[in-house]
Amino acid sequence: MKPVLKQNPLESEAIYIFREVVAQFENPVLLFSGGKDSITLVRLAQKAFYPSRIPFPLLHIDTGHNFPETIEFRDRLVKELGLQLIVRNVQDDIDNGKAIEEKGKYSSRNGLQTTTLLDAIEEFKFDACIGGARRDEEKARAKERIFSVRNDFGEWDEKNQRPEVFDMLNGRIHLGQNVRVFPISNWTELDVWSYIAAERVEIPSIYFSHEREIFDRDGLIWSASEHVYREDDERIQKRKVRFRTVGDMTCTAAVASEADTIEKIIQEIRGSSISERGARIDDKRSEAAMETRKQQGYF
Amino acid sequence: MEVLKIATAGSVDDGKSTLIGRLLYDTRSLTSDKIEAIEKSSRKKGLDYLDFSLATDGLVAEREQGITIDVAHIYFSTQKKSYIIADTPGHVEYTRNMVTGASTSEASIILVDARKGVIEQTYRHFFINNLLRIKEVVVAVNKMDLVNYSEEVFNEIVSDFTKLQQDSNFKEQRLTFIPVSALWGENIAERSTAMKWFEGPSVLEHLENIKTENLQETSQARFSVQTVIRPKTNEFHDYRGYAGKVTASSFKVGDEVTVLPSLTTSTIKEICFFEEQFDEAPAGSSVTITLTDDINVARGDMLVKTGEVPEATKEVNATICWMDGKPLLPGNKYLLQHNTNGVLAKIDKINAHIATNFQPAGDASSLKLNEIGSVTLKLSKPVFADSYNKNKENGRFILIDSQTNTTAGVGFIQ
Ligand SMILES: Nc1nc2c(ncn2[C@@H]2O[C@H](COP(=O)(O)OP(=O)(O)OP(=O)(O)O)[C@@H](O)[C@H]2O)c(=O)[nH]1
Numbered sequence: 000m001k002p003v004l005k006q007n008p009l010e011s012e013a014i015y016i017f018r019e020v021v022a023q024f025e026n027p028v029l030l031f032s033g034g035k036d037s038i039t040l041v042r043l044a045q046k047a048f049y050p051s052r053i054p055f056p057l058l059h060i061d062t063g064h065n066f067p068e069t070i071e072f073r074d075r076l077v078k079e080l081g082l083q084l085i086v087r088n089v090q091d092d093i094d095n096g097k098a099i100e101e102k103g104k105y106s107s108r109n110g111l112q113t114t115t116l117l118d119a120i121e122e123f124k125f126d127a128c129i130g131g132a133r134r135d136e137e138k139a140r141a142k143e144r145i146f147s148v149r150n151d152f153g154e155w156d157e158k159n160q161r162p163e164v165f166d167m168l169n170g171r172i173h174l175g176q177n178v179r180v181f182p183i184s185n186w187t188e189l190d191v192w193s194y195i196a197a198e199r200v201e202i203p204s205i206y207f208s209h210e211r212e213i214f215d216r217d218g219l220i221w222s223a224s225e226h227v228y229r230e231d232d233e234r235i236q237k238r239k240v241r242f243r244t245v246g247d248m249t250c251t252a253a254v255a256s257e258a259d260t261i262e263k264i265i266q267e268i269r270g271s272s273i274s275e276r277g278a279r280i281d282d283k284r285s286e287a288a289m290e291t292r293k294q295q296g297y298f
Numbered sequence: 000m001e002v003l004k005i006a007t008a009g010s011v012d013d014g015k016s017t018l019i020g021r022l023l024y025d026t027r028s029l030t031s032d033k034i035e036a037i038e039k040s041s042r043k044k045g046l047d048y049l050d051f052s053l054a055t056d057g058l059v060a061e062r063e064q065g066i067t068i069d070v071a072h073i074y075f076s077t078q079k080k081s082y083i084i085a086d087t088p089g090h091v092e093y094t095r096n097m098v099t100g101a102s103t104s105e106a107s108i109i110l111v112d113a114r115k116g117v118i119e120q121t122y123r124h125f126f127i128n129n130l131l132r133i134k135e136v137v138v139a140v141n142k143m144d145l146v147n148y149s150e151e152v153f154n155e156i157v158s159d160f161t162k163l164q165q166d167s168n169f170k171e172q173r174l175t176f177i178p179v180s181a182l183w184g185e186n187i188a189e190r191s192t193a194m195k196w197f198e199g200p201s202v203l204e205h206l207e208n209i210k211t212e213n214l215q216e217t218s219q220a221r222f223s224v225q226t227v228i229r230p231k232t233n234e235f236h237d238y239r240g241y242a243g244k245v246t247a248s249s250f251k252v253g254d255e256v257t258v259l260p261s262l263t264t265s266t267i268k269e270i271c272f273f274e275e276q277f278d279e280a281p282a283g284s285s286v287t288i289t290l291t292d293d294i295n296v297a298r299g300d301m302l303v304k305t306g307e308v309p310e311a312t313k314e315v316n317a318t319i320c321w322m323d324g325k326p327l328l329p330g331n332k333y334l335l336q337h338n339t340n341g342v343l344a345k346i347d348k349i350n351a352h353i354a355t356n357f358q359p360a361g362d363a364s365s366l367k368l369n370e371i372g373s374v375t376l377k378l379s380k381p382v383f384a385d386s387y388n389k390n391k392e393n394g395r396f397i398l399i400d401s402q403t404n405t406t407a408g409v410g411f412i413q
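From first to last, the protein sequence lines stand for chains A and B.
Numbering follows numbering that gives the first Met the number 0, with no gaps: position 249 of the first sequence is 248.
Numbering follows numbering that gives the first Met the number 0, with no gaps: position 172 of the second sequence is 171.
Chain A with its partners taken away, still in its complex shape (with noise of 0.2 Å):
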């Protein structure tokens, strides 16, 4: 038996988190990426319900312009865990008309969960999802709730937010609404980074420096690909390369890096000047874009 417990305030705060859902709805459900942030929710849950497995399945709204190595990963977590994984696919959505796909230079999938996303909400009837949001992302993410109140078509009133004074969340809700979950909501990327060191958690190899076919564009580096829409003109070379977020490929550009460890990971966010987002190509549509996006259902 050790002395005394020294726990993370930012993990105690998420763990409690964690079991205020479990506690409060009925069919909750971990929306996971693949992404280093859903990896640590994955954690997280693990820990808040020890001994017992996670109480909870997995939902991953496929774009099928993921990275490989990030499903292979999903898929090599979920059976290590004994999880539960429901995978729900935009292509499917594209196929039968429901969603369409964009066109031209700047296409992206991105968008498109939002359809996929709200239909599994509804086929399962999930009353929480949670997500891996964090506050210092981006600046609308900065102004939610830890327990977001959406209604029955997945919209956010980011005017009308239900108060959440102290730590006590308020999860009630009417049929047909869902609440989203944040429970690292207070972790900047670094408390991630931070996090996955000292638990040694495994994370996607895409996330550490490698050899990569890419091309340059609008001063960002994107991954050759069928998946990626390239001009003519725009040569494809090889650099050493990682992700800082692994969405979907469309929208998440890489950085030129010789981090290989997670140690040289969180020395180079430690002197970086530009923001984890700052390589996502969907924020840049416009000063609103998160907030739009979210206003519609998006995670």
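The hints are simulated quantities; they were obtained by calculation from the structure and are not laboratory data.
Be a bit skeptical, because a hint or two may be false.
As the list claims (entries may be wrong) - Below, computed lysine-lysine pairings styled on BS3-like, alpha-carbon distance capped at 27 Å:
(1) Lys-5/A - Lys-80/B
(2) Lys-377/B - Lys-332/B
(3) Lys-46/A - Lys-304/B
Fit chain B with the ligand to the given chain A structure using the hints.
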């Protein structure tokens, strides 16, 4: 690393967002893409300086109207501490969002516009800070550039503010006055060269020196059960753990505990966190506790040390801050959530309406949005609560409207 949670407060346009933006800028916490975005928007608005409030006003409506509507949480760190700042709105209309932001903070910065001095909203926010019992308060007298960095103006505001404090019954509170210009960074991260007459620290210097351990409460330990963990696997066949958070003080293995409301007693067998076991869990930790006896414990129950049992009561007197558009009226019923426990509550009477401005208190027939009053509630079942002054975590509750499900008010038990 040490974490300090701070909230800003003050009237509309006193410069809360600007001060935070400036802190971020001066501590090099703004990344180049964010600075670029601020430069671009400032130019678009025709300004010849950087409008740092754009760093925190995250909603379209806020940027359009140039005001803060809801709390934004901002993060930055120095060598010494990690800071979480809640940038709260100044407008009376959004007082409930200000309360939301301040409720999770351990320290606050109240801004005062040097040209306007202590006004109604300053008083209201100071009052709410006292109600929440925030121990460490910085009063930043801002826009000193617009009053020629005058020492007299500053001193006058300090003396007005000190008078407010005399009426307060919260003597442990520490007030620190600092003259600043958020826009020009005077006394924000570094000491001002324009106000050499001021010998105190800059805002950041002061924050760096706050000892967070002094902000902790010394009250009796409480443990609200969030959920029961029963794995029912072969390895953990008979395991029955109570998951929850330790609030105040600590629990140790071997402690004799009383379970509320049943009043059954037992002893702490194990304190578990993931695959490890500990001898002691201090305040703030999320753990799983097992007991030596097989007794009935469920969500909403509370473990306390035997001999430290709070009194059970079916009638509660509380100061309530109302947060809903539908007013609180005598006779109304709400769901009262006290820690993880929920009971039905009926408003028995409103004893007094508490003035949070310089006007006399209104009549006590109702509490409207953003009003504060002293209220008596009758409960369907007894709760084991403390007074907020004695035990913060066990002395507060929220009222939930059972028709709309919204959080309609927050209460501080007297
Ligand atoms: N001259 C001068 N102007 C300032 C100073 N601080 C803030 N301002 C200006 O005052 C205006 C309001 O500042 P904000 O930071 O948006 O005010 P706020 O307190 O956040 O307002 P709300 O959040 O809406 O309550 C802006 O135009 C700022 O540029 C200062 O020190 N000197």
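Q. Are the Cα atoms of Lys-46/A and Lys-304/B separated by 27 Å or less?
A. Distance of about 26 Å is within 27 Å: holds.
Q: Quickly compare the C-alpha distance for Lys-377/B and Lys-332/B to 27 Å and report which way the hint goes.
A: 9 Å, holds
Q) Are the Cα atoms of Lys-5/A and Lys-80/B separated by 27 Å or less? A) Distance ~17 Å between Lys-5/A and Lys-80/B Cα, so the pair holds.
Of the numbered hints listed earlier, not one is contradicted by the structure.
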